[in-house]
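Those protein sequence lines, which keep their order, are chains Z and V. Mapping of the first sequence onto the working numbering: residues 1 to 155, in sequence order. Mapping of the second sequence onto the working numbering: residues 156 to 323, in sequence order.
Wrong hints could be hidden among the right ones.
To be verified - Residues of chain V clear of chain Z, computed beta-carbon distances all greater than 10 Å:
#1 228
#2 257
#3 302
What the hints assert, rightly or not - Quick look at which bits of chain Z chain V covers, simulated, 3 or more residues with Cβ under 8 Å:
#4 20-26
#5 56-66
Said to hold, decoys possible - Reference excerpt, derived from the structure (chain V facing chain Z, CB under 7 Å, subset only):
#6 173
#7 201
#8 204
#9 208
Hints in this document: simulated from the structure, not taken from any laboratory. From the three backbone atoms N, C-alpha and C, an ideal C-beta is built for every residue, glycine too.
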Amino acid sequence: MDEKELKKTLSRMKEKFRPAEDLPQRILSNLDIGKNKGRLSNYQLIFNQIHNLMKWKIIVPLAVVVLAIIIFGGVYVIDYRNSKIYNPNPNSGAEKVVVPSPEPTADINGVVDAIFDFSVAESNLFDDEEKDAALIGIDNKVISDFGQSYDENEL
Amino acid sequence: MIDEQNKKKMIDYERCIAPIFRFILLRIKNYHEAEDLTQTVFLKAWKGLPKYEEKNQFLSWLYAIARNTIVDYWKKKKEFVFDSEKTDILEDCQDFLETLQEEEDFKGIINAIDLLSEDQQEIIILKFIEDLPNREISEIMERSEEAIRQLQVRAIKSLKAHLDKNYG
Chain Z
1 MDEKELKKTL
11 SRMKEKFRPA
21 EDLPQRILSN
31 LDIGKNKGRL
41 SNYQLIFNQI
51 HNLMKWKIIV
61 PLAVVVLAII
71 IFGGVYVIDY
81 RNSKIYNPNP
91 NSGAEKVVVP
101 SPEPTADING
111 VVDAIFDFSV
121 AESNLFDDEE
131 KDAALIGIDN
141 KVISDFGQSY
151 DENEL
Chain V
156 MIDEQNKKKM
166 IDYERCIAPI
176 FRFILLRIKN
186 YHEAEDLTQT
196 VFLKAWKGLP
206 KYEEKNQFLS
216 WLYAIARNTI
226 VDYWKKKKEF
236 VFDSEKTDIL
246 EDCQDFLETL
256 QEEEDFKGII
266 NAIDLLSEDQ
276 QEIIILKFIE
286 DLPNREISEI
296 MERSEEAIRQ
306 LQVRAIKSLK
316 AHLDKNYG
């Protein structure tokens, strides 16, 4: 067989090797159109199942994370607002009160004045702390009264 | 847009299905598996249709999918024990063969094609059996047209040499 004849034989093969006539129909049914419209092949059913599982694997954890963010975020916001309502002056009490130290001086009068100033500042600080303690005591009383039954004589 | 018309155009027997089937059949040499793989190719094509770029020939795109499908097929085939009882594709194509001489010629050519490299097998099918233009073959095989020309010269010489050697 020479090269020319070989090429001719090869081109004849195009007509001889053909798929079954119903192959387009089978492909169509696989593509979910044609004769079996609406019915899914086993392959497609498995594929759809995997696809759905993948979808749920992504959607469910995402929903859980979003829900967790909403819940914890909401709780945090409520706490933050409450702290603002019940603590009208956030700077008081929360910060450390510093008693000013006496300035170094060589004059004896200055030293005495500084000691007095320091003593006054400290006594003011103690007064504040006592007031806070009294306030806590009032709170305690209110709280303990809250549990008592109604007494009309109090009015 | 994807519509019923596109689906029907895609599964055109003469223009699309038969060439893809032949390409697969002559590569894997199994008629029934070639039909199954052809279905797989069209299923993949259908799913990938939105990604199809119209600048390429539609048939070339199908051939590219078929090439990948064949590669996957061989990979899977290696995982199983290879079936020693090789299906003779001529038995399944018996209805189309007119003479015994024709059958002998085809048998010789099919066996000789099997001895070629993968690239040479593809070029013999695409150029000499399917009669595709070099531009389209270069698109399918992702090579320059010049490389395709050289490859087809080498492939036909190699095929003839194998035929001469085995069938004198």
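Taking the hints in turn, this is what the structure says about them:
{"no.": "1", "hint": "228", "in the structure": "15 Å, holds"}
{"no.": "2", "hint": "257", "in the structure": "8 Å, violated"}
{"no.": "3", "hint": "302", "in the structure": "20 Å, holds"}
{"no.": "4", "hint": "20-26", "in the structure": "holds (count 5)"}
{"no.": "5", "hint": "56-66", "in the structure": "violated (count 0)"}
{"no.": "6", "hint": "173", "in the structure": "6 Å, holds"}
{"no.": "7", "hint": "201", "in the structure": "5 Å, holds"}
{"no.": "8", "hint": "204", "in the structure": "10 Å, violated"}
{"no.": "9", "hint": "208", "in the structure": "21 Å, violated"}
In this structure, the earlier hints numbered 2, 5, 8 and 9 are contradicted, and the remaining ones agree with it.
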